[in-house]
Amino acid sequence: MSLDRIKIGFIPLVDAAVPIVAADLGFAAAEGIEIELHREISWSNIRDRLTLGQFDAAHLLAPLAVATSLGLNSVKTPLAVPIALNLNGNAITLAPHFHDELMARLAPREDRADPRATGAALKRLVEDRRANGEEPPVLGMTFPFSTHNYQLRLWIAAAGLNPDEDVRLAVVPPPYMVDALENAHVDGFCVGAPWNSVAVELGLGRILHLGVELLSSCPEKVLAVRRKWLDERSDVAERLIRALAAAGKWMELPGNRAEASDLLGASGRLDVAPSIIRRALDGRLPTGAGDELRNDGRYLVFARDGAMRPDERHARWLYAEMARWGQTKGGPEEEALAASVYRADVFDAALGISAPSVADPIGSKLG
Amino acid sequence: MPDRPKTPDRPLKIALVEESPVRAAILEEGLREAGHATILRIPDRANLLERIYAIDPDVILIGLANPSRDVLEQMFQMSRSVRRPVGMFVDQSDSSSIEAAIDAGVSAYVVDGLRKERVKPILDTMVSRFNAFSRLKAELDQAKSQLEERKLVDRAKGILMRQKGIGEEQAYALLRTVAMNEKKKIAEIAQAVVTAAELLK
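So the protein sequences, as listed, match chains D and Z. Going by our numbering, the first sequence opens with residue 7, and the numbers climb by one from there. Going by our numbering, the second sequence opens with residue 2, and the numbers climb by one from there.
None of these hints come from the bench; they were simulated from the model. Ideal Cβ placement from N, Cα and C applies to all residues, glycine included. It cannot be assumed that every hint is accurate.
Far from chain D by the CB rule (all over 10 angstroms, computed), these chain Z residues [unchecked claim]:
{"#": "1", "residue": "13"}
{"#": "2", "residue": "23"}
{"#": "3", "residue": "36"}
{"#": "4", "residue": "46"}
{"#": "5", "residue": "47"}
{"#": "6", "residue": "66"}
{"#": "7", "residue": "73"}
{"#": "8", "residue": "74"}
{"#": "9", "residue": "126"}
{"#": "10", "residue": "144"}
{"#": "11", "residue": "155"}
{"#": "12", "residue": "170"}
{"#": "13", "residue": "175"}
{"#": "14", "residue": "181"}
Below, computed lysine-lysine pairings styled on DSS-like, alpha-carbon distance capped at 25 angstroms [what the hints assert, rightly or not]:
{"#": "15", "chain 1": "Z", "residue 1": "152", "chain 2": "Z", "residue 2": "165"}
{"#": "16", "chain 1": "Z", "residue 1": "165", "chain 2": "Z", "residue 2": "138"}
{"#": "17", "chain 1": "D", "residue 1": "82", "chain 2": "Z", "residue 2": "121"}
{"#": "18", "chain 1": "D", "residue 1": "82", "chain 2": "Z", "residue 2": "117"}
{"#": "19", "chain 1": "Z", "residue 1": "165", "chain 2": "Z", "residue 2": "145"}
{"#": "20", "chain 1": "Z", "residue 1": "152", "chain 2": "Z", "residue 2": "117"}
Work the whole structure out from these sequences, hints included.
Below, the structure is given as structure tokens:
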């Protein structure tokens with residue numbers, strides 16, 4: 007029997023692991039599917055190739071799947087998210103000089119892993135710069151509709167600053183983040199793995215926060231398909247969901263991390279040293295500030311605790327962020343449309359289960 | 002009363018985001034031939050937004066695969082009072098032109114209110130010029146590899162001439178005969194001769 011071929015676009019990031027593992031380690035073949043992976047460099051391009059039908063599915067920023075379905079900034083194309091690819095995985099990294107400038111304003115004995123403490127320091131820094139007639143800091147993030155944008159904004163706003171006036175947020179595609187830091191186009195950035203550790207390894211950046219220090223369960227990447235494709239090829243879609251769920255489970259087993267790091271590090275995939283990728287999988291990240299190590303088992307979550315189930319409350323939270331930051335005028339109807347992008351019903355039917363209910367789907371630590 | 006004379010359309014200001022100087026030259030030439038004089042090229046990623054704000058273009062042309070497209074997306078929602086592009090230009094009533102643009106790898110962003118009829122010919126020019134550039138590049142690559150092959154054959158001939166004490170024509174005939182017998186290209190046999198000679202040094 008010939009396999010059903012599915013074209014999936016991905017951006018070189020550790021959280022593209024699930025489709026890569028499904029394609030390379032036989033989980034797709036076991037479901038009668040052949041996954042053809044296409045490495046992309048920008049989110050605009052991967053979105054357009056999905057909406058215009060060149061890809062069947064895409065590794066996509068969760069908020070971008072919602073925004074595209076609402077026609078925000080793009081041709082309105084109804085997308086569906088039948089499975090999430092991970093939660094968390096981002097970090098905020100600062101150039102060493104900027105990190106020093108911030109740490110000098112951290113109150114004595116404050117916990118530097120507490121985002122409210124570093125936020126207060128950022129506020130002092132911004133005020134000091136303004137008093138000296140200096141430029142506000144520039145922070146890079148990956149896309150307007152990204153959790154990186156929202157995480158930075160939440161951190162900045164919780165400190166009593168205005169993210170649109172007191173700092174400058176600039177879009178930089180993930181593979182160019184480290185370049186932008188090196189060329190001083192940004193003072194710091196929020197991006198997914200492995201790019202924070204790459205900056206640390208090169209001595210160009212220091213990790214200030216793991217994303218999980220801001221939000222304990224942040225929706226991150228999803229598998230997005232056109233709703234029309236999901237309707238027309240529901241059988242193939244169900245098998246794809248099962249293949250990805252199996253790959254997600256495999257990623258969660260600590261014994262598989264060495265193999266996963268090698269697989270992801272390969273030149274057609276992320277093209278990054280496996281030892282750097284391993285840090286993200288272990289949730290053990292040297293920050294580059296002396297020998298400081300941040301250790302968090304939930305730094306990057308693939309399939310644990312029902313993480314792959316596309317919880318519509320995540321879509322609603324993402325929509326609320328879009329509305330809060332003026333990306334949409336919105337209203338209850340639009341919110342309902344946003345929520346309907348996440349298809350837990352399709353996920354449950356494919357796997358024949360109903361996932362445990364999570365009490366607090368986001369877990370904000372910013373009060 | 003006679004109709005008021007129609008005011009001619011104001012010339013469009015076009016920003017071209019293109020890193021390759023050769024491709025940029027080909028694209029600019031095509032646009033000038035089509036009657037567009039105001040073309041400003043942005044050759045790299047540094048301060049892209051500031052430079053676009055300074056130009057204040059009607060149309061932004063950029064390769065579909067250019068990662069700076071993500072930066073442009075940020076422009077759609079900035080609360081500045083300047084005119085800003087509203088999104089990628091796609092003529093949804095004409096699916097063949099969408100396909101042609103995607104195949105060629107072209108995209109255009111336009112400011113709000115610009116008529117489709119004015120943008121479409123620009124995009125068509127870009128599509129044919131992008132394709133022309135791809136063909137040119139393919140031809141250039143082919144010419145390069147032909148040159149490499151000739152160099153390789155020359156080296157193999159030299160080795161055979163020295164080792165076997167034969168003339169140039171005989172050496173070439175020998176390469177050709179072996180290639181025919183083994184159903185391979187002469188360049189492949191030449192590569193084998195050169196590799197063997199290196200090993201036996």
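Now the hints, each set against the structure:
1. Distance to chain D confirms residue 13(Z) as a non-interface residue, since its nearest Cβ pair spans about 22 angstroms, more than 10 angstroms.
2. Under the 10 angstroms C-beta cut-off, the non-interface status given to residue 23(Z) relative to chain D holds; the minimum distance is some 21 angstroms.
3. Every C-beta of chain D lies more than 10 angstroms from that of residue 36(Z), the closest at about 28 angstroms, which supports listing it as non-interface.
4. The claim that residue 46(Z) is not at the interface with chain D is violated, since a C-beta of that chain comes within 10 angstroms of its own (minimum 7 angstroms).
5. The claim that residue 47(Z) lies off the interface is violated: its Cβ sits roughly 7 angstroms from the closest Cβ of chain D, which falls inside the 10 angstroms cut-off.
6. A beta-carbon of chain D comes within 10 angstroms of the beta-carbon of residue 66(Z); the shortest separation is about 6 angstroms.
7. The non-interface label for residue 73(Z) is inconsistent with chain D: the shortest C-beta to C-beta separation is roughly 8 angstroms, within 10 angstroms.
8. A Cβ of chain D approaches the Cβ of residue 74(Z) within 10 angstroms, the least distance being about 6 angstroms, so the stated non-interface status is violated.
9. Taking the minimum C-beta to C-beta distance to chain D, about 21 angstroms, the non-interface status of residue 126(Z) holds against the 10 angstroms cut.
10. With a closest Cβ-Cβ approach of about 28 angstroms to chain D, residue 144(Z) is found to remain outside the 10 angstroms limit, as its non-interface label requires.
11. No beta-carbon of chain D is positioned within 10 angstroms of the beta-carbon of residue 155(Z); the least distance is around 33 angstroms.
12. With a closest Cβ-Cβ approach of about 44 angstroms to chain D, residue 170(Z) is found to remain outside the 10 angstroms limit, as its non-interface label requires.
13. Its beta-carbon lying about 39 angstroms from the closest one in chain D, residue 175(Z) satisfies the requirement of being farther than 10 angstroms from that chain.
14. For residue 181(Z), the non-interface assignment is confirmed: its Cβ lies about 37 angstroms from the closest Cβ of chain D, beyond the 10 angstroms cut-off.
15. Between residue 152(Z) and residue 165(Z) the CA atoms are separated by roughly 20 angstroms; this keeps the pair inside 25 angstroms, and the hint holds.
16. A distance of roughly 40 angstroms separates the Cα atoms of residue 165(Z) and residue 138(Z); the hinted pair therefore is violated under the 25 angstroms criterion.
17. For the hint linking residue 82(D) to residue 121(Z), the alpha-carbon distance of about 20 angstroms falls within 25 angstroms, and the restraint holds.
18. Taken as a hint, the residue 82(D) and residue 117(Z) pair is honoured in the structure, with Cα atoms around 18 angstroms apart against an allowance of 25 angstroms.
19. Among the hinted pairs, residue 165(Z) with residue 145(Z) is inconsistent with the structure: their alpha-carbon atoms are about 30 angstroms apart, more than 25 angstroms.
20. Distance restraint check for residue 152(Z) and residue 117(Z): the Cα-Cα separation of roughly 52 angstroms exceeds the 25 angstroms cut-off, and the hinted pair is therefore not satisfied.
This entry does not satisfy hints 4, 5, 6, 7, 8, 16, 19, 20, going by the numbered hints stated previously.
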